[in-house]
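Visitor: Read off the chains here:
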Amino acid sequence: MSTTENKLTFSRRNFLRTSAIASGGIMIGFNLFTACKPNVKPSIDVENLNFNDFNAFIKIADNGYVTIYSPNPEIGQGVKTSMPMIIAEELDVDWDKVHVAQAPLNTKEYKRQLAGGSQSIRFGWDALRQTGATTKQMLVNAAAAKWGVDASTCKASKGEITNAKGETLGYGDVVKEAAALEVPENVTLKKPSEFTIIGTDAVNVDLKKIVTGKPLFGLDYKAEGMLYASVLRPPAFGQKLKSFDASEAKKVNGVIDVITIGEKARKFLDAGKFNWTFIMSNTDKVVVIAENTWAAFKGKKAIKAVWEDAGELENTDAQNKILNEILEGKDFDTRREDGDVKKAFTEADKVIEKTYHSPFLPHNCLEPMNFYANVTPEKVHLAGPVQTPEYAALAVSDMLDRDINQIQVDMTRMGGGFGRRLYGDFVYEAAEISNAIKKPVKVVSSREDDMTTGIYRPAIKYRIAASIKNGEITGYHLKEAAINSNMYGLIPHFFPAGCISNYKVSTKNYKSDVTTGAWRAPYTNFLAFAEQAFFDEVAQDLGKDAVQLRLELLENVKNTTDKKIEYSGKRMQDTIKLAAEKGSWGKAKEGVYQGFSAYYSHNTHVAEVAEVELKDGFPVVTKVIAAVDCGIVVNPTGAINQIQGGVLDGIGHAMYGDLSFKDGKPSNKNFDTYRLIRMNETPQVEVHFVENELSPTGLGEPGLPPAGGAVANAIHKALGKRLYNQPFDQELKTNSEKLKG
Amino acid sequence: MPTYNLKINGKSVAVNADEDTPLLWVLRDELNMVGTKFGCGISQCGACTVHADGAAIRSCQLQVSMAEDLNITTIEGLSEKGDHPLQQAWKEVDVPQCGYCQAGQIMTAASFLKENPNPTTQEIREAMNGNLCRCASYNRIEKAVAIAAEKMS
Chain A
1 MSTTENKLTF
11 SRRNFLRTSA
21 IASGGIMIGF
31 NLFTACKPNV
41 KPSIDVENLN
51 FNDFNAFIKI
61 ADNGYVTIYS
71 PNPEIGQGVK
81 TSMPMIIAEE
91 LDVDWDKVHV
101 AQAPLNTKEY
111 KRQLAGGSQS
121 IRFGWDALRQ
131 TGATTKQMLV
141 NAAAAKWGVD
151 ASTCKASKGE
161 ITNAKGETLG
171 YGDVVKEAAA
181 LEVPENVTLK
191 KPSEFTIIGT
201 DAVNVDLKKI
211 VTGKPLFGLD
221 YKAEGMLYAS
231 VLRPPAFGQK
241 LKSFDASEAK
251 KVNGVIDVIT
261 IGEKARKFLD
271 AGKFNWTFIM
281 SNTDKVVVIA
291 ENTWAAFKGK
301 KAIKAVWEDA
311 GELENTDAQN
321 KILNEILEGK
331 DFDTRREDGD
341 VKKAFTEADK
351 VIEKTYHSPF
361 LPHNCLEPMN
371 FYANVTPEKV
381 HLAGPVQTPE
391 YAALAVSDML
401 DRDINQIQVD
411 MTRMGGGFGR
421 RLYGDFVYEA
431 AEISNAIKKP
441 VKVVSSREDD
451 MTTGIYRPAI
461 KYRIAASIKN
471 GEITGYHLKE
481 AAINSNMYGL
491 IPHFFPAGCI
501 SNYKVSTKNY
511 KSDVTTGAWR
521 APYTNFLAFA
531 EQAFFDEVAQ
541 DLGKDAVQLR
551 LELLENVKNT
561 TDKKIEYSGK
571 RMQDTIKLAA
581 EKGSWGKAKE
591 GVYQGFSAYY
601 SHNTHVAEVA
611 EVELKDGFPV
621 VTKVIAAVDC
631 GIVVNPTGAI
641 NQIQGGVLDG
651 IGHAMYGDLS
661 FKDGKPSNKN
671 FDTYRLIRMN
681 ETPQVEVHFV
691 ENELSPTGLG
701 EPGLPPAGGA
711 VANAIHKALG
721 KRLYNQPFDQ
731 ELKTNSEKLK
741 G
Chain B
1 MPTYNLKING
11 KSVAVNADED
21 TPLLWVLRDE
31 LNMVGTKFGC
41 GISQCGACTV
51 HADGAAIRSC
61 QLQVSMAEDL
71 NITTIEGLSE
81 KGDHPLQQAW
91 KEVDVPQCGY
101 CQAGQIMTAA
111 SFLKENPNPT
121 TQEIREAMNG
131 NLCRCASYNR
141 IEKAVAIAAE
151 KMS
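Heads up: the protein sequence lines correspond to chains A and B, in order.
Residue 608 in full-length UniProt numbering sits at position 608 of the first sequence; the count goes up by one each step and never skips.
Residue 120 in full-length UniProt numbering sits at position 120 of the second sequence; the count goes up by one each step and never skips.
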């Protein structure tokens, strides 16, 4: 359907069947089914109310209860609460009468049903508001027609329409009539000062289910006749299955069958499709089909497989050597170049150059990868946790050569995403297995499967150089050496692009057998540390305050006309000033060491002050004060939660996160050796928002990138030692050993 | 397969399972009680925490054959109406992000507060240190445990 169709008058019948297009292609629908008789007390068991079932954002029951479908996948970023809040605001209903349900994948009715890049709220904002406001206007129009008055004399608020005489009708009273009306083209949106839901705290809509243990997640999903599958993949990247003996596995109680998969995926890959989404795609995989998860895991352990090396198996020492060679070489892609960097460095009084290194990181979602598939002649039913359901549906339709309309994807809540669930390898495996055994099946990963056959944050090295002349930064050159791919999109145009007149970003990567991909705040999760630690060092060298230097540099970008520079000098300065003020920058108590960092990513400006104290000579992060400009804050409690989590995630991985490879095998398999941050290591995170009425931007990622830099800069104040390599923990240990030495 | 008689949330249930099956998978796959989560399988993350005779244990490490004489409480049985002071505090503080670890966090906290009804902040941090939260909602878990302690005293 084209967007021009919103000018058409829908017959009631059409409206019911197809519902209407509002601005931005968003659909509105009404439930006309009357579940309860008008004088029956509304049931509080909203879920069991008999709402008419058709796909749309909004359903209204005649008792006034409203169901709002949340279109996007929920990975812990809070959109299942905040997106419906935006609709409810413009619809003008009591939030406590709203029931939120997860929409399934429906590309005809919803746009951009994915969780990635912290963009759900930013892209959803206008469309969600239009949806709510358009629906409200139709309800008002219906009430006005019933009263025989002009709609402009009626007002709607909290689920009721009031006319000039003071008579009222509930939304549920007029919903039937409203659905038969023409869809208004132009509706008035509220002014931010009129908001009653946006800007107030709404508790996570799934909280009750979460704290009482109700089924919510992919691993909780069950279907009649469903079997469990455990997939044995090569122990090392770069290996292939040679042969296997399943006789012991088949003796395990509950094991039904042992099969191999790979053929479907390979055909698909040979066609050059989606190859980056497959893990270990050049090999067959052994699959144990069982009656329950435990039998599937046990059966997999009992498989005796022989693996052969398909090529040279990789070692992290060698990987680092290649990255260093790239940095020393000259063969780079120039991603942005301003002015004359070469001249600036030639004429400099001084050049400061530093190199920063980060290791591979697994995502470690606490819910291991899993997915349900039921491939039947009629349709392909997929259900589970995936950040990109539309992409998964397309890939499965292609792989199994099925019409896209036969693919149904239901989304479960996700036990974390962090980028890992952008890749649907587990969906394709589930589909291939179900297709082979002709039964409904759920693929379940153990923690070891999850950590050792991942799509990792690649190891990266940055070399940053600044030319200094007459006490000013005259040139800046950032080189990125990475594995498999390089920084994407507008990242080369982030700070300090536009702030330093001679500026250059160069990137280069090499291909590895280790699968790599997006990890919460891709590239910037480490780039921000490197850059913000570098500026701290430059400020020290110039004898300038770290905050002052940033504010001065940002002054230069304020009047830029460069459309690729999307961060705002003014907003970044205001955010920095707020963090400095709330964090009492430069006024630390005795024994407290402060570090500063500021970073724009995912359209949100963030600045952080970290406080470090020494305990037995070892630096401990005790507090972080974060300032955030994300425009209007839709749900403050959720927003603060995201920033707190992002900051602590950033600190945890900067301090401890480390995965390396020996002969193609990951160094860690489980949480006994892989260290994640725990409560006893967490500082308190205080969050402040820059107040404005600008359209909201996302919060799932941008809190993370500045955290490592703030901590490293504070540790430098405490110990006088600069940190260049993550995880810091190892560098600090090396340091204390040297000191003891 | 042998039959085991278990006492879960005050009810007796008989399950058929191999003797080495962890209680975690009996709960999840056989009894459809999926509130107890699988995170690591080696007692490092705490997502599978349940109570055995009131003590917090990792259900991934308790074989079903060893569970017969124990009174097992899972998140589904922590309170009848989902209003245990910890569950209330979790709502007041709006703790969860993804929510996956939270049942285990609550079960650890419930057992801890029984033993130590008036904990210091440091005692809370140490008691909860065995439970991973990958979203790092630690500040809020810490606060919610403190609030629940106040409610219970």
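These are calculated hints, taken from the structure and not from any lab test.
Note that this is a predicted model, so its numbers are computed, not measured.
Heads up, a few of these hints could be off.
[To be verified] Below, in silico cross-link-like pairs of lysine-lysine (BS3-like), each with a Cα-Cα straight-line distance of 25 Å or less:
(1) Lys208/A x Lys81/B
(2) Lys222/A x Lys11/B
(3) Lys615/A x Lys143/B
(4) Lys717/A x Lys321/A
(5) Lys733/A x Lys321/A
(6) Lys214/A x Lys143/B
(7) Lys214/A x Lys81/B
(8) Lys623/A x Lys11/B
(9) Lys544/A x Lys11/B
(10) Lys214/A x Lys91/B
(11) Lys615/A x Lys511/A
(12) Lys208/A x Lys143/B
(13) Lys158/A x Lys146/A
(14) Lys267/A x Lys81/B
(15) Lys7/B x Lys222/A
(16) Lys558/A x Lys577/A
(17) Lys587/A x Lys615/A
(18) Lys151/B x Lys209/A
[Stated by the list, open to error] From chain B, some residues computed to sit far from chain A (all C-beta separations above 12 Å):
(19) Asp20
(20) Leu70
(21) Pro96
(22) Glu115
(23) Asn118
(24) Ser137
(25) Ser153
[What the hints assert, rightly or not] Stretch by stretch, here's where chain A covers chain B in the computed footprint (C-beta under 8 Å, at least three residues):
(26) 23 to 30
(27) 34 to 48
(28) 53 to 64
(29) 127 to 135
(30) 139 to 152
The C-beta atom is built at its ideal place from N, Cα and C for all residues, glycine as well.
Visitor: For each hint, tell me whether it holds in the structure or not.
Guide: Right, here's what the structure says about each hint:
A hinted pair counts as satisfied when its Cα atoms are at most 25 Å apart, and Lys208/A with Lys81/B qualifies at roughly 10 Å. A distance of roughly 23 Å separates the Cα atoms of Lys222/A and Lys11/B; the hinted pair therefore holds under the 25 Å criterion. Using a Cα cut-off of 25 Å, the hinted pair Lys615/A and Lys143/B holds, with the two alpha carbons roughly 23 Å apart. At roughly 31 Å between alpha-carbon atoms, Lys717/A and Lys321/A are farther apart than 25 Å, so this suggested pair is violated.
At roughly 23 Å between alpha-carbon atoms, Lys733/A and Lys321/A fall within 25 Å of each other, so this suggested pair holds. For a cut-off of 25 Å, the pair hint linking Lys214/A to Lys143/B stands: about 24 Å separates their Cα positions. Among the hinted pairs, Lys214/A with Lys81/B is consistent with the structure: their alpha-carbon atoms are about 13 Å apart, no more than 25 Å. Of the pairs offered as hints, the one joining Lys623/A and Lys11/B is violated, with about 46 Å between alpha carbons and a cut-off of 25 Å exceeded.
A distance of roughly 69 Å separates the Cα atoms of Lys544/A and Lys11/B; the hinted pair therefore is violated under the 25 Å criterion. Distance restraint check for Lys214/A and Lys91/B: the Cα-Cα separation of roughly 15 Å lies within the 25 Å cut-off, and the hinted pair is therefore satisfied. Restraint check: the Cα-Cα separation between Lys615/A and Lys511/A comes to about 43 Å, which exceeds 25 Å; the hinted pair is violated. For the proposed pair Lys208/A and Lys143/B, the alpha carbon gap of about 18 Å is at most 25 Å, so the pair holds.
Restraint check for Lys158/A and Lys146/A: the C-alpha separation of about 19 Å stays at or below 25 Å, so the hint holds. Taking the CA atoms of Lys267/A and Lys81/B, the gap is near 52 Å; set against the 25 Å cutoff, the hint is violated. Using a Cα cut-off of 25 Å, the hinted pair Lys7/B and Lys222/A holds, with the two alpha carbons roughly 24 Å apart. This hinted pair checks out: Lys558/A and Lys577/A have alpha carbons roughly 16 Å apart, not beyond 25 Å.
Taking the CA atoms of Lys587/A and Lys615/A, the gap is about 21 Å. The hint holds against a cut of 25 Å. Note on Lys151/B and Lys209/A: the hinted pairing holds, with a Cα-Cα distance of about 22 Å set against a maximum of 25 Å. Asp20/B, annotated as away from the interface, has a beta carbon of chain A within 12 Å; the closest lies near 8 Å. For Leu70/B, the non-interface assignment is confirmed: its Cβ lies about 19 Å from the closest Cβ of chain A, beyond the 12 Å cut-off.
Pro96/B, annotated as away from the interface, has a beta carbon of chain A within 12 Å; the closest lies near 5 Å. Consistency note on Glu115/B: stated as away from chain A, and its beta-carbon is indeed over 12 Å from all of that chain's, at 18 Å minimum. Interface exclusion of Asn118/B from chain A stands, the closest Cβ pair being 19 Å apart, more than 12 Å. With 12 Å as the threshold on Cβ separation, the claim that Ser137/B sits away from chain A is violated: the shortest Cβ distance comes to roughly 6 Å.
A cut-off of 12 Å between C-beta atoms confirms that Ser153/B is not in contact with chain A; the least separation is 21 Å. Requiring three or more residues with a Cβ within less than 8 Å of a Cβ of chain A, the coverage given for the stretch 23 to 30 of chain B holds, as 4 such residues are present. Coverage of the stretch 34 to 48 of chain B by chain A holds in this model, with 12 residues showing a Cβ closer than 8 Å to a Cβ of that chain against a need of three. Coverage of the stretch 53 to 64 of chain B by chain A is violated [criterion: at least 3 residues with CB-CB distance below 8 Å; count 0].
Closer than 8 Å: that is the beta-carbon criterion, and the stretch 127 to 135 of chain B has 8 residues meeting it against chain A, so the requirement of 3 holds. Coverage of the stretch 139 to 152 of chain B by chain A holds in this model, with 4 residues showing a Cβ closer than 8 Å to a Cβ of that chain against a need of three.
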